[in-house]
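In my numbering, the protein residues as written are 7 to 290.
Hints were generated in silico from the structure; no laboratory data involved.
Among the clues, some could well be false.
To be verified - Computed list of lysine-lysine pairs in BS3-like fashion (alpha-carbon distance at most 30 Å, straight line): (1) Lys245 with Lys187; (2) Lys102 with Lys187; (3) Lys73 with Lys102.
Stated by the list, open to error - Taking CB as the label site, the calculated pair distances span: (4) Asn140 with Phe20: 26 to 36 Å; (5) His237 with Pro101: 31 to 41 Å; (6) Glu109 with Val280: 22 to 32 Å; (7) Phe20 with His165: 41 to 51 Å; (8) Tyr79 with His202: 34 to 44 Å; (9) Ala233 with Ser107: 17 to 27 Å; (10) Lys108 with Tyr79: 24 to 34 Å; (11) Glu57 with Ser290: 29 to 39 Å; (12) Phe20 with Asp77: 34 to 44 Å; (13) Phe197 with Arg230: 36 to 46 Å.
Here a beta-carbon is modelled for each residue, glycine too, at the ideal position from N, C-alpha and C.
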Amino acid sequence: SPPSGQAHDYGSAFLPAVYQGTPVGSAGRARLRGDTTATIDNIKNSKLPPELQRVQLDYIKSLNMEKLKRDQYHPEIEGVIESYELAFKMQDEVPKVLDISKETAQTRALYGLDENTTRGFGTQCLTARRLAENGVRFIELNHANWDDHRNLTNGLQTHCDQVDKPIAGLLADLKQRDMLKDTLVIWAGEFGRTPHGQNGNGRDHNNKGFSLWMAGGGVKGGMRYGATDEHGYQAVENKVHIHDWHATILHLMGLDHTKLTYNYAGRDFRLTDVHGNVVKEIIS
Numbered sequence: 007s008p009p010s011g012q013a014h015d016y017g018s019a020f021l022p023a024v025y026q027g028t029p030v031g032s033a034g035r036a037r038l039r040g041d042t043t044a045t046i047d048n049i050k051n052s053k054l055p056p057e058l059q060r061v062q063l064d065y066i067k068s069l070n071m072e073k074l075k076r077d078q079y080h081p082e083i084e085g086v087i088e089s090y091e092l093a094f095k096m097q098d099e100v101p102k103v104l105d106i107s108k109e110t111a112q113t114r115a116l117y118g119l120d121e122n123t124t125r126g127f128g129t130q131c132l133t134a135r136r137l138a139e140n141g142v143r144f145i146e147l148n149h150a151n152w153d154d155h156r157n158l159t160n161g162l163q164t165h166c167d168q169v170d171k172p173i174a175g176l177l178a179d180l181k182q183r184d185m186l187k188d189t190l191v192i193w194a195g196e197f198g199r200t201p202h203g204q205n206g207n208g209r210d211h212n213n214k215g216f217s218l219w220m221a222g223g224g225v226k227g228g229m230r231y232g233a234t235d236e237h238g239y240q241a242v243e244n245k246v247h248i249h250d251w252h253a254t255i256l257h258l259m260g261l262d263h264t265k266l267t268y269n270y271a272g273r274d275f276r277l278t279d280v281h282g283n284v285v286k287e288i289i290s
């Protein structure tokens with residue numbers, strides 16, 4: 007049955023719908039819990055063989071194409087078409103890529119898959135490497151519950167223990183496979199934390215100064231750029247605005263952020279709006 011939001015569910019906000027991501031769904035949540043066998047739910051059609059699925063999809067596509075012809079411009083419908091085609095193609099390949107059961111004991115240990123603390127995020131990191139090996143160009147991992155407004159001491163230590171070994175394993179694995187130089191790894195959240203306390207043993211949100219790191223993909227290794235004040239509250243040296251960061255990421259991907267535009271709501275937009283400068287000092 008079609009989604010309740012109809013074609014809008016296939017959108018990608020600022021960008022055309024054909025560029026939307028593909029969430030792993032409930033299997034992704036299972037992998038967060040450390041289930042190394044989780045795959046995408048309902049990836050196989052239990053009622054139709056592939057040849058009849060192809061006939062069905064071609065018919066649906068013909069109806070969507072008629073809609074496109076009538077409207078002349080309908081990016082959401084284009085996204086619907088692409089979504090169905092991608093789902094059909096994934097039936098054979100995705101289960102193979104997500105299957106990490108044949109990875110060596112050495113690789114499993116590298117990512118921490120044999121330890122309860124690191125198994126969940128380690129599974130994500132190893133899956134990311136397998137996706138990258140198979141040509142997936144953008145991969146997003148998630149590790150939640152860093153919002154320590156209270157109980158920071160225990161919470162922060164727990165979260166760091168869960169991610170430190172897996173992310174180090176991913177970087178080491180990418181490097182030994184000669185993939186790191188062509189893979190930009192970004193570790194970041196949307197804001198930092200205040201240096202002063204909250205609720206006794208917690209920290210509030212802070213967007214005035216915080217850290218993130220990048221590795222591979224054309225950035226310099228073994229360096230830091232910028233600094234906060236003596237209290238760690240706000241950036242005071244070599245400030246990097248979010249637009250500067252985005253401009254730098256686009257540059258590393260071979261795109262000029264001043265020329266990359268998209269017509270949205272009646273005018274041309276840049277992904278960095280009218281701001282942003284490439285931080286050349288961090289580029290190798």
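Results for each hint:
Between Lys245 and Lys187, the direct Cα distance comes to roughly 26 Å. Compliance with the 30 Å bound is thereby established for this hinted pair. Of the supplied pair hints, the one linking Lys102 and Lys187 holds, its CA atoms being roughly 25 Å apart against a limit of 30 Å. About 35 Å separates the Cα atoms of Lys73 and Lys102, which puts this hinted pair outside 30 Å; it is violated. Take Asn140 and Phe20: their Cβ atoms lie about 27 Å apart, and the range 26 to 36 Å holds.
Judged by the Cβ atoms, the range 31 to 41 Å given for His237 and Pro101 is violated: they are separated by roughly 51 Å. Taking 22 to 32 Å as the suggested C-beta distance range, the pair Glu109 and Val280 does not conform, at roughly 47 Å. Roughly 30 Å separates the CB atoms of Phe20 and His165, a value that falls outside the hinted 41 to 51 Å. Hint check: Tyr79 to His202, Cβ distance near 51 Å, so the stated range 34 to 44 Å is violated.
At roughly 46 Å, the beta-carbon separation of Ala233 and Ser107 lies outside the given 17 to 27 Å, and the hint is violated. Separated by about 46 Å at the C-beta atoms, Lys108 and Tyr79 break the suggested range of 24 to 34 Å. In this structure, Glu57 and Ser290 break the distance hint of 29 to 39 Å, their C-beta atoms being roughly 50 Å apart. For the pair Phe20 and Asp77, the supplied restraint of 34 to 44 Å is violated, since their beta-carbon distance comes to about 20 Å.
In this structure, Phe197 and Arg230 break the distance hint of 36 to 46 Å, their C-beta atoms being roughly 19 Å apart.
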